[in-house]
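Spelled out, the chains give:
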Amino acid sequence: MPTPLVLGEFEQLVLLAVLANAGGSSALDVKKRLDAVLPRRVSRGALYRTLDRVEGKGWLSWTLDDGDVPERGGYPRRRFRVTPAGIEALAGARAVLLEMWSGLDEVLG
Amino acid sequence: MKEPPRWAASLLEGVLPSGVVGRSVLGDLREEWSGRRPGLGRDAWYVAQAMLLALHYGAPRLARLGKRAACLSALPVAELASDFRLTLLRLGRSPVQLALLTFALGLGVAAPATMFTIVAGITRDLDLPDPDRLVHIGAPGRDQTVPAGWLLPLLGAADGLAAVGLFSSADLDISGAGAPPHRVRGSLFSDGVFDALGVGAAVGRVLVPADHEPGAPPAAVLSWDLWRSHFGGDQSVVGATLRVNGVPATVVGVMPPGFHFRYASDAWMPLHLDGEDASSSEVEAVGRLEPDATLDVVQARALALVQSLRSAGENVPPGQGLVAQPFRYRMIAREVRVMASAMVLLVSFVLLIACADVANLLVARALARSHDTAVRLALGGGRWRIVRQHALEALVIAGLGGALGFVLAAAAVDAFERSTRSFLAYWMVFRLDLPVLGFCAFLVLVAAAITGLLPALQSRRVDVHTALQTGGRGSSGYRIGRVGRWLVAGEVSLASALLVIAGLQLRSAVNNLRTEGRFEVASILTAAYELPAERDGGSVADFNRGVLESVAGLPGVEGAALSSYLPGVRTSAPRRRVEVEGTGYARPEDVPLAHVAYVSPGFFDTMRTDVTAGRDLSWRDGREDPPAALVNETFARTRLPIRAVGARIRVAAVGSTGDGDATGGWATVVGVVPAVGMAAGGDDDGSGVYLPVAEGAQRSPALIVRALAGADPSSLLPSVQAAVQRLDPERPLFDVGPLEQKIQTSRVAESVFAVLFIAFGGAGLVLAVVGVYGLLSFTVGQRSRELGVRLALGAPRWRVVWLALRGAALHLVAGIAAGSALAAAATPLLAEALRGADPLDPAVYVSVAVVLVGAGVLAALAPARRALSVDLVTSLRSE
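Protein chains in written order, with the numbering used here: chain U, 1 to 109; chain G, 1 to 879.
Once the Cα atoms are required to be at most 35 Å apart in a straight line, the calculated DSBU-like pairs of lysine-lysine come out as:
1) U:K32 <-> U:K57
2) G:K67 <-> U:K57
3) G:K2 <-> U:K32
To be clear, the hints were calculated from the coordinates, so they are not data collected in a lab.
Sequences are here, hints too, so could you generate the full structure?
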């Protein structure tokens, strides 16, 4: 099944990091998750741009957290969730990757 | 709570998408910042992240804007880009010159930007509704409180005021509701103050009339910061009962963030005006004008009040009555505001001087290139493009200078904020925000216009024929006028005057240190507590001794002592009249003053100084043994020249009868000690006497605790606090901190002043060097043909150099002379800051002259070398 929009590598990582928290993830949660897994540090600017781009493609949505967190100095917090379309895109990408991987286990060890 | 650097946050906010998306990004950054370890590193991290993010969000927008502008104006983008590259290459070829130019302009931008920020901060209004309708009523002058009785008639019928109330300051010891006991600065408000200020509570309510009724249960309102820091922002604190100064009080509300009326208050309680001594307590009044009323009505009312007080027999000295003035002028008088704005203008002259310097140097650079320019013109190059290249050069330098200036200003404002925070009112915040950034950008444009225009316009005057014929050496269209030369002389004189004053100030600091004696302040923690007036003298002495013994036994403590003053902290040991037995005094006023301090045995051990003659005080003195005292070496030398130990002295019971003001009997001097930081600076020689701490019934002594070598004294605080609270659970420690820090804080005003002069003097020096360098570069360039001919004809090299530099040397000497005279004339105005130094100290004047001549020689080195390297053959051939 062809996906109408292409899912980039970083976009895929970001979506997976958002999914890591069942109740939705803040941008900082996503950054922490990616920093822990990836061998390099994620650029903050790139992360925000990707979040907004992926949201534009309809794969992410966000809501504002209730209540005031003192550490944020009164600024709001966005909580991101992956939309059903996003899940579908991820599943499609996964299927493509698995297909590509199959039969290569011996070569790659 | 501390905030991340605001200027970085506002810069980022300007670039981020508007609305909740942008604000959430700011919040993320703020949250991560607050999770890091406090300190400079954390702020630097924030600035770096904010800049990176701003770049990330701003760059695409800028690129789009640039493309659109280029399309619209049909600018020759490729040509501009190549000009830009050429400019960078040219500037990069002489990095020292570029650094000088950047630094000069950086200083030129930083000085007015800093001043602008400081003035904007000082003249900022209170963050309250309609601050211009707030009126202050009190005594004129510095201390504006008056007895409450004077102002009471205002409360009933106040013409022209919609609301009015009285207030005063108080230290409040707060404990309970899960918070450890601590002391906060507070204010007492009568009914009407909150109404006049026009501010409500964020949680709960403010004080209401019922709280001020006689016999009403005590109510307290907390500041947002106190609520967050000590009560964890817990809503249930509202309604809870705390103990305030030993009395139960109910928290009725929490004020919104940023409210600390009147200077730095963290709690507010009712001011009761019905008690016995209520009418004598010192208060001020604040009112809010009715919408259609003017200040005149209130002023007339204040005048009438004074009249009626005088006629009622009250002693109101002339000029000491009541004045009503806009609240904003209460803090910073109108004249100061005008003067501050004038200062911004004045400091902007620094920028003008810097611009003139840079313009001189750029003209010299253009002169060196005039042959090149002539060739380009001869080959058909456009004059407009040459002008544009000059302008671009100036713009790049101005941009670099502006960026440096902004960074310098940010550092200066930060230092100013930190050193003045303790004594400026809470609403005076100093931040480099967008208006300041805009001001900097404006300064950069002005600088670019001034510095770029001169060489650019002059380049149009290049005479192609002459320039080609003389090979670019010799007379050309470029000029530096007489004005330019005298400007350099003026700069030198300014730098010299500022440096002389800075030098005198250093001298004064050194002299003051000398009278302070030898003691070791490192590793010392100090803290204070206050015992209630109900305790009698004996119980105070027992408590003090108990505290001392339990603190001295704590692990990590090398020694501990009690003292009525903090060594090295100015004016903490008051001066009183001390009589020496056997000396005849005609009048009580003839008894000379000396500092008087009450210390416990072991004080001198703890301060690491030795008793130089006789013995230390002991607990037995004044109890089992006769009363004893110690005198310091200065006192012994000046008042007891023959024999100090064994003499008898008496502290006269004069002045107020405050805490520790014991009426003295005769005490025998049992020992002599070195001076231990008693002097208040200036003409005060620091002579003083020490009495046993038990004698003065010291209700509020300072604990002085020396930590074991190498340990951080602050780490002792929890155990010291616990030791005091074991004796009295309600006794908070306050004024806590390392002694070293206390000493620095007590001298902040002096050091701000000294640093200011040194900074301005340094800036003046840099500008003068750049000016001399630019002037000499130009002169040598202008006269290179003549110098070459002289060299070719066999003139000695030193004469050629002297010929080239003579003019500038004259201006330098004239500048130094004028500057020294200026400084000597200005010293009487600065007498207060220069106490202890001879205003005509030749050593200072000579060293400043030497520094300036040295700087002049340095600035002349490169041009002199150029004068000697003039190519003989070329200069002769061009004849």
